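Going down the list, the protein sequences come from chains A and V. Oh and the first sequence: position 218 is 218 in full-length UniProt numbering, straight run, nothing missing. Oh and the second sequence: position 87 is 87 in full-length UniProt numbering, straight run, nothing missing.
No lab work stands behind these hints: they were computed from the structure. Incorrect hints may have been included.
Said to hold, decoys possible - Listed next, the in silico DSSO-like pairs over lysine-lysine satisfying Cα-Cα at most 27 Å (straight line):
id, chain 1, residue 1, chain 2, residue 2
1, V, K72, V, K112
2, V, K18, V, K220
3, A, K168, V, K112
4, V, K111, V, K129
5, V, K63, V, K18
6, V, K112, V, K129
7, A, K294, A, K168
8, V, K154, V, K63
9, A, K168, V, K107
10, A, K168, V, K72
11, V, K154, V, K228
12, V, K111, V, K154
13, A, K294, V, K129
14, V, K111, A, K168
15, V, K154, V, K112
16, A, K294, A, K92
17, V, K63, A, K168
18, V, K72, A, K88
19, V, K199, V, K229
20, V, K229, V, K18
21, V, K72, V, K107
22, V, K72, A, K92
23, V, K220, V, K199
24, V, K154, V, K72
These numbers come from a predicted model, not from an experiment.
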Amino acid sequence: MEQFLEYFLSGLTRGSIYALIALGYTMVYGIIGLINFAHGEIYMIGAFTALIVATALTFLGFPPLAILLLAALAAVIWASAYGFTIEKVAYKPLRGAQRLSPLISAIGMSIFLQNYVMLAQTSDFLRFPALIPDFKWLAPWSHIMSTSRFTILVTAAAAMIFLTLLIKYTRTGKAMRATSQDREMALLVGVNVDRVISSTFIIGSALAAIGGLLIASHVGQINYYVGFIAGLKAFTAAVLGGIGSIPGAVLGGLILGWTESFATGYVSSEYEDVFAFGLLVLILILRPSGILGKNTAQKV
Amino acid sequence: MLTIESINTYYGNIRALKNISIDIAQGEIVALIGANGAGKTTTLKSISGITPPRTGRIRFMGKEIQNAAPEKIVAMGLCHVPEGRHIFPQLSVMENLEMGAFLRRDKAEIKKDLDYIMSLFPILAQRRKQAGGTLSGGEQQMLAISRALMGRPKLLLLDEPSLGLAPLIIRQIFEIIEQINRSGTTIFLIEQNANLALKSSHRGYVMENGEITLTDTADKLLSNEDVKKAYLGI
Ligand SMILES: Nc1ncnc2c1ncn2[C@@H]1O[C@H](COP(=O)(O)OP(=O)(O)OP(=O)(O)O)[C@@H](O)[C@H]1O
Ligand SMILES: [Mg+2]
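From just these sequences and the hints, can you work out the full model?
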């Protein structure tokens with residue numbers, strides 16, 4: 001039982017990170033029908049930004065909490081700026097082009113960013129400081145609920161609640177929903193669709209940056225390639241849950257996290273990916289549009 | 001109120017509109033009739049900025065709008081109910097109506113307009129929480145028109161409001177259109193059902209293959225031999 005609980009919580013932790021990144025894939029797909037392959041790199045850039053800022057502030061002798069908050073803020077802003085720019089540079093000029101063109105542009109952007117960070121930083125793994133000081137009151141449960149695990153769960157949940165409220169109640173959120181359901185009609189009621197698309201990239205990037213920061217400080221090291229792996233997993237989660245569906249991205253992330261953690265725990269860590277992608281294949285055979293996806297979801 | 005001067009609109013290399021000129025005065029209902037593929041929908045999309053014309057000018061309330069973004073055109077009070085209604089399928093009836101007022105900031109007035117529309121269409125009031133996509137065709141058309149009214153249009157563009165509806169519902173819709181016009185909104189109406197459209201309109205234009213071939217008062221068009229033969233099925 002103890003073991004089951006451990007696997008459950010470890011899967012929940014991973015899963016909520018996958019979900020945070022998967023949201024970016026699914027939101028962009030919902031609005032412009034594109035798989036943004038560079039999204040994993042946004043997550044990686046978020047982690048690097050946090051690392052650089054945290055290192056500098058530590059050197060300057062800032063208190064831990066201030067370092068954490070400033071690093072998070074910098075990661076979110078800088079990653080959002082990247083997301084915004086990527087859309088303007090690599091996707092917007094290709095709107096209305098054949099479906100394959102923006103997809104190839106996305107893959108190119110992903111490779112470009114990986115190599116850019118590798119050259120600008122290093123290809124080695126960099127140690128990522130533990131930004132979150134241990135919570136004393138968690139000590140009695142520390143064997144199953146470490147401080148960083150707790151922080152990941154709470155932050156991810158908060159980010160998802162924030163996103164839900166934003167989409168349901170704000171003007172931007174309403175414009176996003178309208179645009180994803182009928183872009184031409186959104187234009188006809190006066191929605192500035194270009195701005196909606198930019199907002200989508202910015203929000204998705206901010207969520208990915210938060211994910212990057214959390215996981216980097218949990219795992220303790222990063223390199224230029226972490227975004228590719230995490231991106232692939234999160235993309236799997238988005239497809240699993242039904243790409244284009246926001247609850248689907250969260251559900252897909254959690255299911256993927258649990259699959260991996262139970263497979264690792266009860267079988268072997270070498271089988272983690274076999275189970276994860278095996279599950280994807282299974283779902284796609286049984287339900288091609290994903291668990292919560294619409295059967296009719298065919299964006300052109 | 002609206003002056004279209006010799007516009008040409010293209011889809012790639014296909015020229016869908018050929019030197020179209022149309023005039024609409026304040027307070028009128030003007031009909032545009034023509035066969036399938038004549039270019040009626042393209043004309044409306046050119047006005048509202050979805051497919052801007054490559055050449056020519058469009059003036060609305062004295063301002064040139066042929067290069068303006070759709071949201072700027074809506075903001076000036078020109079609302080377009082597109083062919084096929086385009087209800088946001090997963091937004092509720094209420095949210096669809098609120099989207100019609102997307103550019104407005106006057107919350108109290110929006111509330112008033114919502115109440116007015118709910119009293120005009122009790123069926124929409126009943127269905128306010130239901131997803132737009134689950135409404136019947138007639139209800140969707142009422143919702144589409146109501147959503148446009150939420151933008152407080154000075155000029156309302158209607159693309160085939162009778163499409164696919166039962167005769168009884170069509171009559172209802174046209175009564176509503178005339179009522180909207182009487183309350184001060186100018187209307188530019190597209191119909192394949194020429195008889196119906198011309199009976200409700202003051203003036204009409206006939207379109208063939210991307211060109212305007214005839215324009216006159218509605219009464220004269222209704223008794224015109226060519227129009228009778230081609231569009232009225234008499
Ligand atoms: N998106 C498009 N791409 C290419 N050609 C188009 C497009 N939309 C319309 N056309 C062409 O432009 C011409 C005019 O079409 P339009 O939809 O304006 O006609 P319409 O008069 O509204 O017809 P209907 O009564 O069937 O609605 C047609 O020949 C049509 O094939
Ligand atoms: Mg048409």
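Tested hints:
no., hint, in the structure
1, K72(V) with K112(V), "24 Å, holds"
2, K18(V) with K220(V), "25 Å, holds"
3, K168(A) with K112(V), "23 Å, holds"
4, K111(V) with K129(V), "16 Å, holds"
5, K63(V) with K18(V), "22 Å, holds"
6, K112(V) with K129(V), "18 Å, holds"
7, K294(A) with K168(A), "19 Å, holds"
8, K154(V) with K63(V), "14 Å, holds"
9, K168(A) with K107(V), "18 Å, holds"
10, K168(A) with K72(V), "25 Å, holds"
11, K154(V) with K228(V), "32 Å, violated"
12, K111(V) with K154(V), "19 Å, holds"
13, K294(A) with K129(V), "21 Å, holds"
14, K111(V) with K168(A), "19 Å, holds"
15, K154(V) with K112(V), "18 Å, holds"
16, K294(A) with K92(A), "26 Å, holds"
17, K63(V) with K168(A), "36 Å, violated"
18, K72(V) with K88(A), "22 Å, holds"
19, K199(V) with K229(V), "17 Å, holds"
20, K229(V) with K18(V), "24 Å, holds"
21, K72(V) with K107(V), "20 Å, holds"
22, K72(V) with K92(A), "21 Å, holds"
23, K220(V) with K199(V), "11 Å, holds"
24, K154(V) with K72(V), "14 Å, holds"
This entry does not satisfy hints 11, 17, going by the numbered hints stated previously.
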